[in-house]
Each structure stands twice: as structure tokens, then as C-alpha cells.
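Q: Here is how the chains run, residue by residue.
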Amino acid sequence: MLLGIANFSDLCIFICGMISYVLLGTQGHKLLLRPTLFVLSAHLWLKNCRELMPSSYNASRFDQPVEASVWLKNFRITNERFLKQMKTQQKYIWSKREFTDEGHPLIEVIDQGLTRVKNASDSVGIVLKELKAQCQSGTFKLVVGVDGVNALWGQTTLRKEDKSPVCVFYVSCTIQKLRLLKTGPSNNGAVVATVTQTGSLFTPKAAYLPHELLGKDGFDFLDPFLPIQVTGYSEREFESCYQYYKDRHWIQHEKAHTEDGKKELIFLSNRNPAVLERICSFL
Amino acid sequence: MSASIGRFLRPWCPGILQARWSKYNPYYLEPVVSKEYFNTPETELTDEQKAERQLKTTHPIKAAPSNLTSSVFSDPLVSKFINMMMKDGNKVLARSIMTQTLENIKRKQVEKYHKAPPSEKDGIECNPYTIFHQALENCKPVIGLTSIQRGGKNYQVPTPLTDSRRRFLAMKWLITECRENKHRRTHMYEKLSQELLSALVNEGNVIKRKHDLHKMAEANRAFAHYRW
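Residue numbers (the UniProt record's numbering), protein chains in the order written: chain E, 1 to 283; chain V, 1 to 228.
For the record, the hints were derived by calculation from the structure and aren't laboratory data.
Take these hints with a grain of salt, some might be off.
[Stated by the list, open to error] Result set (DSS-like, lysine-lysine): computed pairs, CA atoms no more than 30 Å apart in a straight line:
no., chain 1, residue 1, chain 2, residue 2
1, V, Lys140, V, Lys56
2, V, Lys115, E, Lys73
3, V, Lys23, V, Lys108
4, E, Lys255, V, Lys191
5, E, Lys73, V, Lys112
6, V, Lys35, E, Lys255
7, E, Lys205, V, Lys91
8, E, Lys73, V, Lys182
9, V, Lys121, E, Lys246
10, E, Lys262, V, Lys80
11, V, Lys115, V, Lys87
12, V, Lys115, E, Lys246
13, E, Lys255, V, Lys80
14, V, Lys108, E, Lys73
15, V, Lys23, V, Lys115
16, E, Lys255, V, Lys108
17, V, Lys121, E, Lys262
18, V, Lys62, E, Lys255
19, E, Lys263, V, Lys91
20, E, Lys132, E, Lys163
21, V, Lys50, E, Lys255
22, V, Lys191, V, Lys153
23, V, Lys191, V, Lys91
24, E, Lys263, V, Lys191
25, E, Lys87, E, Lys47
26, V, Lys80, E, Lys246
27, E, Lys205, E, Lys132
Could you build all of it, start to finish, from the sequences and the hints given here?
A: The following block contains the structure:
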């Protein structure tokens, strides 16, 4: 389904559906060969945050050191070989004595974010900015995957210390991601995003279309895009998923190997891949 | 006809009041959930089964409890364990802990399986349910101790245990061990999976507790004749 995506430039693609799992699964497989793919989960950043600190870079914004450091760690592991080749284009001063010079590999920025947790969000912002700039100059192809893009324009449960609610646009991670998602005319990359109701806050359960979930602002921002609807597994897809689990010895229950067990799995999961995964995890 | 049945369907009090008792009149029959029971045609039933079906046409049936399913994946032992782990009626939490435990066990075993050389692959058990059953079997004590009073003193006398009592003791020890002897930051499912995997190979604190009970029973075997 997503075979030709990496060849598109100047196109912002949407997957409109109830399941982000399917997207990320196929995404990971098909685009392994392309340099720099990274995936963000916008929902996780904008709710249930324990530590919300005022940003060191811009005092009016808020930082999330925990989520930023977790993301940096994962990003580093998945994209290490590309990060060693990419160089910074600007000098970044972290504090009085620490700075990263121009021309140093990007890995140093990430390491700085991981060691000094206070600067983690800033280093995330720097990484995104650098990647976008270098992608535009044509050295690398960039594919950005965002899970739950509608979180960036929705409401949040984040609160300041005096329990007053925080607007989404005051969180530094949203600003960073919005800048990244803005496509210019000569872009050498693609954005694949999902809109989900499952993680989003204050949206009705029946809403699944991009217009309902993104709101007017989000929709205008991401115009033009290609909506692709992702439905549950077809019979062939379910069969292949089931055979894959069996082959990897993941489905261990004796009864699950029978016809009755398989029918029951179809019934319980309603062919929803996420639910099927959760059921098969303990079978 | 209706008057005689009505006599059985009225609120009924037994002769002796029990501590934990079913409020149903003994006239009521248990519900049946298995698909095989209903899918067998008339011709294949034995005389006993036919008489049973005849009985069901006249007797009322108890309401089915909410944890009774016709699912092929339902396991009575696992359900019992979940009920014992449950606190304040929070079945959702207890069940989720159990499913996470099973997943954790399966994950560890499958990882071991894939890393092992082909000669050892057959020996590694990956099915979390068989592991759970076997581990519980290994934790069951063979003999128990009861306190009997003779001549003013209380003696610990070794006695045989019923199957249900043994199963209860094994589950109880497993749950109390995992609740108390763990680090503050480890999750229940993590600790439970570790205990189950070590009980599978007859190691760990629960097995130790079972062996301690056996040793006490062996030490007190002189008092065995105090049993009635």
C-alpha cells in the first residue's frame, strides 16, 4: 500500500483511520532502505506529562525533558549510521562552558541532550531543524512519520504549576514539529501521518475523519494532503498475520491453532490489528 | 403442577446456616456453556444424557456468573488465580496483571528458544499456560499441618490435604510472596513471572516454603497418631 511513498516529494500524506498500528508496521518495513526515517508519537507527548519545565531557550514555552530524552535515545539507536555522517551547520551554545561547534556530527547534539536532561528538548528541536535544512539542500531523503498528528491541534491535559491549563502552542515540542511539517516547494521528503481517535483527548469516540479530528486549523495547515483510509484486516491479511505469529512461536495456546480458536480470534478482535496484537500477547 | 413447583421456587432456608453458601434452592441446576453439549445430535446421546436433558426441561437453571464463558481460551485454574489476586473487586486490574504475566513469561521463553542451538530447542517450554500449570503443581504441598489440642497443649499434627486445599495453598503462597518480597519499583507481573519460571525448575521462595512445611511435617511425625 505504501510502496511508492518515499518517491514522493512535495506531498503530505495522511492515513485516515482508527488504527495507527497498521501504518507504523508497514512503514517500518518498506522504508528501511531510505535514509532517515523517524517516527514521533504526538499523543504521548501531550498528555500525562509528569515534569513540565519552562524552556531554557524561550521562557514563554514549556519543555518535556523526560519524553524528549526517551525519544532521543530511540532516535539515536535507529538512525545512528546517518547521524554520524550529518554535520551541524551552526554553532549551538548550551551553557557558559558547553557548546557544539559548526561542522560537528549531529550525534554530539544528541549525546548532549541525553547527558544533560535539561537541554533534551532543545536538542530535539535542533535535530529536527538540522534534518529539515539538510533535506532541503538535497543530501538526504527524509521521511517523517507522525502518529496522532491531531494531538498537535487538539486540547491537552497539561497544566502549569498553578493548575492553569497550558495551550498546545506553548509546548516547545509542538512548535518544533509544526515547523518540520510545513512543506515548502522544493522539499526532498515526505510526511506520513495518522489521525487517531484512540489517544486523543476530548474528541468523540465516533470521530475518525481528518476534518473532525484535526479541526479547522490543523486541516488548513496540512492542506493539500492525500487521505488514505486504513480499514481492519481483510481475510488474506488476517491469515498472513496469524501465520506470522504462528511461525514466530508467538501464539502458544493449543486451542488457538484450531479452527475454532481462529474463528474466536477473528470475533474477539473484529479484524482490528491492534486488538489482535493485544489478544495474542497473552495467548 | 404449578403449586408443587412453586414450593421449590420460594425463598428457601437450609437447616444449618453456612458461612459462605449459595442462596439457591437445590432444585436449581447448573448452567452449561460448552458448545459440544448443544451440538451433539439426539442420536448420539447415551441414556444418562437423555435423562439429564429431560430433567432440564422441568427444572429451572441458575443464572450464569459473569466470568463463565464458552470461549475455547478460558482456563478454570487461571480464573481461580485471577479471583485470588483480585482486591476490592477490581477484576479488570487483576486480569490485566495476569495477562501481562503470561505475556512476560512467553516473551522470555520465546527469546530463549530463538537464541538456543537447535539441539536444545525441544527442551524449552514456551506455552505460558503449561508453565503456569506446571509451576503451580510444583508449589502444591503434599502434606499439611493442623493444630490439635491434647491435654491442654496444642500440637502441630501432619494431616493429608484435599486437592482444593493444596491448590489454594499454592496460589496463596505465590501471591503473598510476590506481594511482599519484591523491590518497591518492580511490577507485580514482573515478580510473578520470575517466581513462576523459578517454580518450574523447583527453585525460588515458594518452593522453599513448601519444603519447609514438608520438613515440619516430617519432624512432627511422632504426633501423627493424635489424629482422630
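Q: Next, verify each hint and record whether it holds.
A: Taking the hints in turn, this is what the structure says about them:
For the hint pairing lysine 140(V) with lysine 56(V), the CA-to-CA distance comes to about 38 Å; that exceeds 30 Å, so the pair is violated. Distance check on the hinted pair: lysine 115(V) and lysine 73(E) sit about 26 Å apart at the alpha-carbon level, within 30 Å; holds. About 45 Å separates the Cα atoms of lysine 23(V) and lysine 108(V), which puts this hinted pair outside 30 Å; it is violated. At most 30 Å may separate the alpha-carbon atoms for a hinted pair to count; lysine 255(E) and lysine 191(V) meet this at roughly 27 Å.
Taken as a hint, the lysine 73(E) and lysine 112(V) pair is honoured in the structure, with Cα atoms around 26 Å apart against an allowance of 30 Å. For the proposed pair lysine 35(V) and lysine 255(E), the alpha carbon gap of about 14 Å is at most 30 Å, so the pair holds. The suggested pairing of lysine 205(E) with lysine 91(V) holds, with an alpha-carbon distance near 25 Å, which does not exceed 30 Å. Proposed proximity of lysine 73(E) and lysine 182(V) is supported: the alpha carbons are some 29 Å apart, at most 30 Å.
Distance restraint check for lysine 121(V) and lysine 246(E): the Cα-Cα separation of roughly 16 Å lies within the 30 Å cut-off, and the hinted pair is therefore satisfied. A C-alpha spacing of about 25 Å is found between lysine 262(E) and lysine 80(V), which places the hinted pair at or below 30 Å, so the restraint holds. Note on lysine 115(V) and lysine 87(V): the hinted pairing is violated, with a Cα-Cα distance of about 38 Å set against a maximum of 30 Å. The suggested pairing of lysine 115(V) with lysine 246(E) holds, with an alpha-carbon distance near 17 Å, which does not exceed 30 Å.
Note on lysine 255(E) and lysine 80(V): the hinted pairing holds, with a Cα-Cα distance of about 20 Å set against a maximum of 30 Å. A threshold of 30 Å between alpha carbons decides the hint, and for lysine 108(V) with lysine 73(E) the separation of about 24 Å falls inside it, so the pair holds. Taken as a hint, the lysine 23(V) and lysine 115(V) pair is broken in the structure, with Cα atoms around 55 Å apart against an allowance of 30 Å. Restraint check: the Cα-Cα separation between lysine 255(E) and lysine 108(V) comes to about 21 Å, which is no more than 30 Å; the hinted pair holds.
At most 30 Å may separate the alpha-carbon atoms for a hinted pair to count; lysine 121(V) and lysine 262(E) meet this at roughly 26 Å. Taking the CA atoms of lysine 62(V) and lysine 255(E), the gap is near 28 Å; set against the 30 Å cutoff, the hint holds. As the CA atoms of lysine 263(E) and lysine 91(V) are separated by approximately 26 Å, the hinted pair is consistent with the 30 Å bound. Straight-line distance between C-alpha atoms of lysine 132(E) and lysine 163(E) comes to about 35 Å, which puts the hinted pair past the 30 Å bound.
Restraint check for lysine 50(V) and lysine 255(E): the C-alpha separation of about 29 Å stays at or below 30 Å, so the hint holds. At roughly 40 Å between alpha-carbon atoms, lysine 191(V) and lysine 153(V) are farther apart than 30 Å, so this suggested pair is violated. Of the pairs offered as hints, the one joining lysine 191(V) and lysine 91(V) holds, with about 19 Å between alpha carbons and a cut-off of 30 Å not exceeded. Distance check on the hinted pair: lysine 263(E) and lysine 191(V) sit about 34 Å apart at the alpha-carbon level, beyond 30 Å; violated.
Straight-line distance between C-alpha atoms of lysine 87(E) and lysine 47(E) comes to about 33 Å, which puts the hinted pair past the 30 Å bound. The suggested pairing of lysine 80(V) with lysine 246(E) holds, with an alpha-carbon distance near 28 Å, which does not exceed 30 Å. For the proposed pair lysine 205(E) and lysine 132(E), the alpha carbon gap of about 35 Å is over 30 Å, so the pair is violated.
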